[in-house]
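Student: Listed below, chain by chain, are the residues.
2 protein chains.
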Amino acid sequence: MTATPPPTPVTLNLDDDVAGLTGQLIDIYSVSDSETPLADAVEVQLRSLPKLTVTRIGDTVVARTEFKRDTRVVLAGHLDTVPLPTVEGARAQVPGVWDGETLYGRGAVDMKGGVAVQLVLARLIGAAESPEIDRDVTWVFYDHEEVASEASGLGRVAREAPELLEADFAVLLEPTNGVVEGGCNGTCRYEITFDGVAAHSGRAWKGVNAIHQAAALLDALAQYEPATISVQGLDYREGLNAVRIRGGVAGNVIPDTCVMEVNYRFAPDKTLDEAHQHVREVLAGAGVDWDQVRITDASSAARPGLDHPAAVEFVNAVGGEPLPKYGWTDVARFSELGVPAVNFGPGDALLAHTDHEHVDAEAVRVCLQALRRWLLG
Amino acid sequence: MTATPPPTPVTLNLDDDVAGLTGQLIDIYSVSDSETPLADAVEVQLRSLPKLTVTRIGDTVVARTEFKRDTRVVLAGHLDTVPLPTVEGARAQVPGVWDGETLYGRGAVDMKGGVAVQLVLARLIGAAESPEIDRDVTWVFYDHEEVASEASGLGRVAREAPELLEADFAVLLEPTNGVVEGGCNGTCRYEITFDGVAAHSGRAWKGVNAIHQAAALLDALAQYEPATISVQGLDYREGLNAVRIRGGVAGNVIPDTCVMEVNYRFAPDKTLDEAHQHVREVLAGAGVDWDQVRITDASSAARPGLDHPAAVEFVNAVGGEPLPKYGWTDVARFSELGVPAVNFGPGDALLAHTDHEHVDAEAVRVCLQALRRWLLG
Numbered sequence: 001m002t003a004t005p006p007p008t009p010v011t012l013n014l015d016d017d018v019a020g021l022t023g024q025l026i027d028i029y030s031v032s033d034s035e036t037p038l039a040d041a042v043e044v045q046l047r048s049l050p051k052l053t054v055t056r057i058g059d060t061v062v063a064r065t066e067f068k069r070d071t072r073v074v075l076a077g078h079l080d081t082v083p084l085p086t087v088e089g090a091r092a093q094v095p096g097v098w099d100g101e102t103l104y105g106r107g108a109v110d111m112k113g114g115v116a117v118q119l120v121l122a123r124l125i126g127a128a129e130s131p132e133i134d135r136d137v138t139w140v141f142y143d144h145e146e147v148a149s150e151a152s153g154l155g156r157v158a159r160e161a162p163e164l165l166e167a168d169f170a171v172l173l174e175p176t177n178g179v180v181e182g183g184c185n186g187t188c189r190y191e192i193t194f195d196g197v198a199a200h201s202g203r204a205w206k207g208v209n210a211i212h213q214a215a216a217l218l219d220a221l222a223q224y225e226p227a228t229i230s231v232q233g234l235d236y237r238e239g240l241n242a243v244r245i246r247g248g249v250a251g252n253v254i255p256d257t258c259v260m261e262v263n264y265r266f267a268p269d270k271t272l273d274e275a276h277q278h279v280r281e282v283l284a285g286a287g288v289d290w291d292q293v294r295i296t297d298a299s300s301a302a303r304p305g306l307d308h309p310a311a312v313e314f315v316n317a318v319g320g321e322p323l324p325k326y327g328w329t330d331v332a333r334f335s336e337l338g339v340p341a342v343n344f345g346p347g348d349a350l351l352a353h354t355d356h357e358h359v360d361a362e363a364v365r366v367c368l369q370a371l372r373r374w375l376l377g
Numbered sequence: 001m002t003a004t005p006p007p008t009p010v011t012l013n014l015d016d017d018v019a020g021l022t023g024q025l026i027d028i029y030s031v032s033d034s035e036t037p038l039a040d041a042v043e044v045q046l047r048s049l050p051k052l053t054v055t056r057i058g059d060t061v062v063a064r065t066e067f068k069r070d071t072r073v074v075l076a077g078h079l080d081t082v083p084l085p086t087v088e089g090a091r092a093q094v095p096g097v098w099d100g101e102t103l104y105g106r107g108a109v110d111m112k113g114g115v116a117v118q119l120v121l122a123r124l125i126g127a128a129e130s131p132e133i134d135r136d137v138t139w140v141f142y143d144h145e146e147v148a149s150e151a152s153g154l155g156r157v158a159r160e161a162p163e164l165l166e167a168d169f170a171v172l173l174e175p176t177n178g179v180v181e182g183g184c185n186g187t188c189r190y191e192i193t194f195d196g197v198a199a200h201s202g203r204a205w206k207g208v209n210a211i212h213q214a215a216a217l218l219d220a221l222a223q224y225e226p227a228t229i230s231v232q233g234l235d236y237r238e239g240l241n242a243v244r245i246r247g248g249v250a251g252n253v254i255p256d257t258c259v260m261e262v263n264y265r266f267a268p269d270k271t272l273d274e275a276h277q278h279v280r281e282v283l284a285g286a287g288v289d290w291d292q293v294r295i296t297d298a299s300s301a302a303r304p305g306l307d308h309p310a311a312v313e314f315v316n317a318v319g320g321e322p323l324p325k326y327g328w329t330d331v332a333r334f335s336e337l338g339v340p341a342v343n344f345g346p347g348d349a350l351l352a353h354t355d356h357e358h359v360d361a362e363a364v365r366v367c368l369q370a371l372r373r374w375l376l377g
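Residue numbers (full-length UniProt numbering), protein chains in the order written: chain A, 1 to 377; chain B, 1 to 377.
Misleading hints may appear alongside valid ones.
Note that the list lumps identical chains together, so a pair holds whenever it fits in one copy or between two copies.
[As the list claims (entries may be wrong)] Calculated pairs, SDA-like style, for lysine to any residue (alpha carbon to alpha carbon, straight line, at most 20 Å): (1) Lys206 <-> Gln223; (2) Lys68 <-> Asp134; (3) Lys206 <-> Asn177.
These are calculated hints, taken from the structure and not from any lab test.
The whole structure should be built from the sequences, with the hints applied where relevant.
Tutor: Written out as structure tokens, the structure is:
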């Protein structure tokens with residue numbers, strides 16, 4: 001018997017143009033649960049940079065400078081992608097394909113462009129001949145962002161080695177079209193069950209129609225006027241929506257159960273408990289008892305934190321007018337750790353997860369320039 | 001090669017007590033689409049009775065006296081049953097089982113008790129030594145009642161040989177607990193589609209929530225007060241109900257479609273068109289356009305016809321106070337052919353299709369006595 005040698009990681013070339021490096025990253029398949037080859041390739045490069053201290057936890061790689069500066073900032077991004085599209089003609093494939101100056105491929109915007117920017121900055125700051133800088137920097141490349149929240153590599157580090165994430169400010173390189181997006185809305189989901197009594201629909205008066213029981217709540221949701229709430233100068237639009245409903249078993253039976261799923265997206269002026277309380281009040285107004293409700297998902301909102309001096313410096317350096325982030329992102333995790341965080345990355349978030357995911361080379365380059373200006377002057 | 005001889009039909013003993021004959025009928029498996037052995041057994045017996053003219057169409061057997069009387073009445077019943085229960089311990093099986101004077105088995109009430117009554121009356125009237133009677137009688141034993149309306153053996157005869165069904169009055173021996181149930185409500189089903197525009201639920205204002213579009217109609221249905229309508233002295237209770245609803249694709253997507261199925265059970269004062277018109281008005285009041293509606297089922301109501309002289313004689317002979325029939329039955333088919341019809345049979349209709357379907361021997365005997373009194377005096 002001969003032992004199989006461990007596979008050699010794919011070699012990334014960090015000296016490539018940042019758009020070219022994005023293409024190299026796309027070419028390493030890394031759908032959630034298959035991040036190991038990409039994490040290996042990233043780890044090897046980071047370990048070759050003498051000014052960085054590298055820690056590997058699962059498929060998450062953390063690299064840190066240890067300059068003993070007063071301020072530490074985090075650059076974070078996830079290595080995994082959603083699955084490849086199965087429809088014919090889809091272009092969000094692996095490997096990626098250039099069409100002129102546009103790069104098509106799975107992860108092009110979500111978020112291998114951002115990871116490429118992180119890696120080029122690591123080379124610029126971590127190499128032996130790098131210039132001195134006046135902040136310490138932590139890079140986090142993590143696994144399992146696109147799946148259930150419990151699986152997140154960032155969450156794992158926060159539990160197992162929270163000291164690695166200590167910082168004054170964090171930038172998450174999720175796609176924002178190169179605009180600073182501060183904080184994020186929270187999101188909660190509720191499954192509401194309406195019970196009735198089954199009967200033959202020819203004798204409806206012998207039953208209680210569970211679908212009809214849902215009418216008052218559905219009406220309340222249709223009438224609901226979501227708030228727009230200003231937090232630290234950014235306007236967060238909320239939303240309260242029925243996202244799923246199902247009820248009934250046959251065309252001649254009065255249904256004895258109807259289940260509605262409601263999603264509340266709430267501004268960062270509220271804690272999770274305050275969000276639940278608000279939903280509870282809306283439901284009570286429609287005659288729904290809290291006993292009928294099961295909370296199926298609950299993720300905190302994150303305040304933008306743009307009043308923090310490190311955030312002010314960042315916004316001044318990269319320019320532009322900050323916007324609120326509506327979707328939930330891992331800035332909420334940093335927020336929970338006490339680290340103000342913003343989203344700032346290349347590409348259009350609306351292309352994430354689509355069958356034609358793509359990013360322009362220029363968007364990745366402009367993002368790198370902005371962060372370089374901030375960190376290296 | 002030897003040819004396989006055609007199978008010999010199971011021999012029914014029509015001289016048995018009518019409750020015992022019910023047991024014989026249950027023991028011949030006849031779930032819809034498997035009626036042939038039972039139809040064969042019935043046909044053989046009817047052909048042995050010299051005063052009857054027998055016609056076989058598919059698995060439907062029609063037998064008629066040809067006494068040239070002024071009045072002809074029909075005794076109709078279906079040979080098929082719903083499938084056997086699969087739950088452990090269920091007693092609606094084949095063969096049937098006696099528990100004291102109660103007969104358990106599939107079809108015990110729906111409707112082999114009624115078929116047994118029909119067969120004993122055929123023997124009493126069709127045999128060579130039978131007494132003279134002052135009406136002609138038609139027996140119809142038909143297939144495929146428990147499945148889609150188009151498959152009905154009674155419908156097939158109505159299309160292919162309507163002259164066989166010509167009569168002044170019809171009795172359908174569906175279970176009614178030995179009470180005359182007149183006419184039946186009609187039933188229509190409507191599938192109503194609400195369209196929206198999909199969007200990420202974090203940016204709900206970019207979409208249109210299709211489930212919310214359904215709120216006004218659901219509210220109208222919950223508020224709807226069904227009418228009770230008196231037709232020829234019987235009170236028919238109507239009903240308008242959402243029987244199914246489904247909408248939504250994922251917990252983070254504003255749904256772009258929601259489909260509701262509505263069932264209208266309407267009294268025999270209305271034609272099908274009038275029923276549709278009523279539903280159209282209710283829907284319009286909730287902002288639903290008729291273009292959103294697909295009619296998925298439409299069965300006419302049947303007037304009780306209890307003012308017809310033949311019906312009056314029948315009610316006087318069998319006794320009791322007639323009730324309205326709420327569920328749809330094949331009396332509506334006779335009604336469409338211009339033959340007033342009532343339901344009158346042994347057993348409790350609420351036990352039909354259940355896992356513990358059963359009938360009391362006495363109920364079958366009492367039903368036979370009532371019809372015998374009517375026909376033979």
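Student: Hint by hint, note whether the structure agrees.
Tutor: Status of the hints after comparison with the structure:
no. : hint              : verdict
1   : Lys206 <-> Gln223 : between (32 Å within a copy, 17 Å between copies)
2   : Lys68 <-> Asp134  : within (9 Å within a copy, 115 Å between copies)
3   : Lys206 <-> Asn177 : between (59 Å within a copy, 18 Å between copies)
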